[in-house]
Amino acid sequence: MSAATATLPLRDPAARGRLGALVAAIVVLWPLLVLAEFRPAALFETAHLQVMGDFLRGFLPPATAPDFLVLLARATLETLAIATAGIALAFLIAAPLAVLASRALSVSRIGPGPGQRRAALVRAATRAVLTVLRAIPEVVWALVFVRALGLGPGAGVLALAVTYGGMLGKVYAEILESGDTRSARALLEAGSGRLGALFYALVPSTAQELASYTVYRWECAVRASVVMGFVGAGGLGQLMDQSMKMLNGGEASTILLTFLFLVVLADAASAVIRKVLA
Amino acid sequence: MSATAETSGGRHGPCWGCFALAFALLAAVVWSFAYLAVDWRQLFSSESMRLMAKFVGEFFPPDLSSAFVLKAAWGALQTFAVAAIGTLLAVGAASLLALPAAGRFGLAPRLAARLALNVLRSVPELVWAALMVIAAGLGPFAGTLALALHTTGVLGRLYAESLENLPAAPERALRDAGSGAIAAFAYAALPLVTAQGVAYALYRLEMNIRMAAVLGFVGAGGLGQMLYFHLSIFQQAQAATLLIAMFVLVFAVDSLSAAVRGRLVPAQG
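Those protein sequences? They're chains A and B, same order as listed.
At position 41 of the first sequence the residue is numbered 40 (numbering that gives the first Met the number 0), and the sequence of numbers has no breaks.
At position 93 of the second sequence the residue is numbered 92 (numbering that gives the first Met the number 0), and the sequence of numbers has no breaks.
Because the hints were derived from the structure by calculation, they are not lab data.
Just to be clear, a hint being listed does not mean it is correct.
[Stated by the list, open to error] Facing chain B, a subset of chain A residues (Cβ under 10 Å, in silico):
| no. | residue |
| --- | --- |
| 1 | Leu42 |
| 2 | Gly249 |
| 3 | Leu259 |
All C-beta atoms in this analysis are idealised placements derived from N, C-alpha and C, irrespective of residue type, glycine included.
Given only the sequences and the hints, what does the whole structure look like? Please build it.
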């Protein structure tokens with residue numbers, strides 16, 4: 000047996016395909032690298048190394064002055080409040096739109112009945128609305144709402160609500176479709192309403208996934224407070240901005256540690272919620 | 000997933016944990032709104048409605064002169080390049096970090112890799128971008144690095160979890176049959192996680208497209224930088240064109256990636 004395999008020439012039957020894919024990848028990647036001005040050497044220029052080194056040296060020790068810590072605590076609470084309120088409103092936007100957009104709850108799709116085209120049109124329109132909501136960056140929404148509410152957390156909350164509403168809606172719809180939809184279909188075929196099928200068939204089987212994605216988005220909202228600093232929404236973002244502009248490494252590292260703590264907190268919350276829902 | 004649903008369906012009595020959880024979440028939301036104390040009525044006053052409508056109205060009509068559309072298309076390409084290269088770098092780094100993070104080299108490397116991934120993930124992209132602008136100068140390269148660093152943290156964790164959730168039997172079988180550790184991993188474990196890994200990477204690419212557009216605000220090139228420039232000098236018509244370009248880019252990448260993901264992991268039902 001071993002003699003027979005030894006005489007066979009060692010040859011990769013997929014070699015040509017692999018080579019082709021490699022060449023294609025390089026042809027596609029090269030212009031992208033040029034466009035992104037990919038120059039790793041820039042990292043090692045002495046001028047850059049100097050500034051970065053000075054800044055990073057300042058990271059240790061982290062700032063622990065009492066008045067800065069008070070400021071940090073207030074900013075953290077503000078960030079948490081903005082993220083929580085934003086996600087709550089985003090959920091209110093996303094949940095109905097997701098139910099409208101999801102194919103899993105379509106009665107007309109079960110059989111070619113009347114209104115199939117109209118239902119497909121409604122779903123497409125809902126998806127388009129969701130895309131518009133999330134394609135426009137938070138900052139631009141924030142600039143719109145600043146006109147009404149003035150500088151402050153209100154504009155930040157609304158901007159988060161609108162963009163994250165679009166993202167949550169899209170992902171909720173996808174999660175509802177990706178799970179096992181047969182139970183929902185059985186209920187619909189037996190004549191139950193859409194909401195009944197949603198709450199008794201789809202939500203129970205996808206609750207954990209829906210919850211963990213929502214918590215993940217909350218975590219993203221906490222990070223997005225950095226963007227909100229741009230519109231004077233306060234919070235950790237504004238504090239970080241000030242510290243970075245003054246190249247105050249000690250304060251920056253304390254704020255980064257706070258972010259790390261909040262992410263660990265979000266992980267723990269996600270684990271608890273999934274355990275309760277299991 | 001369905002197995003857990005069945006067990007919970009068979010449980011008797013009210014779910015006190017659910018009530019406690021719902022109450023805690025509701026309390027957190029109420030506290031948040033109370034803490035912020037925003038006067039929401041202002042939003043619906045006719046004066047602010049007028050101001051918002053005026054601001055939105057200034058975006059119309061968008062500047063569709065061919066010269067500017069070309070510029071916007073160039074910006075969109077650059078944003079795509081930043082997101083794509085950033086995601087690609089992150090896939091490479093995340094794959095390397097996921098191995099120790101999945102506990103394949105023992106406990107100490109596992110904890111160290113997890114800590115590194117958490118740090119990478121918890122620092123917001125914009126902060127990474129500001130740091131990278133200090134380290135590498137203004138321009139799209141800083142944005143690329145910022146996306147790569149943050150995405151490494153996210154993908155590394157997801158990849159490590161996929162590796163940990165793998166069934167051990169196929170790899171074990173190869174090892175028992177005398178193959179080396181690397182060959183066993185490459186032929187038994189890797190094929191099982193590749194499709195999921197590519198799907199995660201495409202998901203991140205969709206998010207990074209949007210993020211790359213925002214990163215421009217700190218001087219990382221692309222559509223974001225142009226948008227920031229035109230908004231700050233009150234050229235809303237140009238800004239509107241850029242927003243349309245962003246919408247087209249997001250829509251194109253989302254649809255393409257959804258199509259590819261759909262083929263990778265065949266949907267059930």
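Here is what the structure says about each hint:
Checking A:Leu42 against chain B by beta carbon gives a least distance of about 5 Å; that is within 10 Å, so the hint holds. Below 10 Å, beta-carbon pairs count as interface contacts, and A:Gly249 has none with chain B, the closest being about 15 Å; its hint is therefore violated. With its C-beta approaching chain B no nearer than about 4 Å, A:Leu259 sits inside the 10 Å limit, and its interface hint holds.
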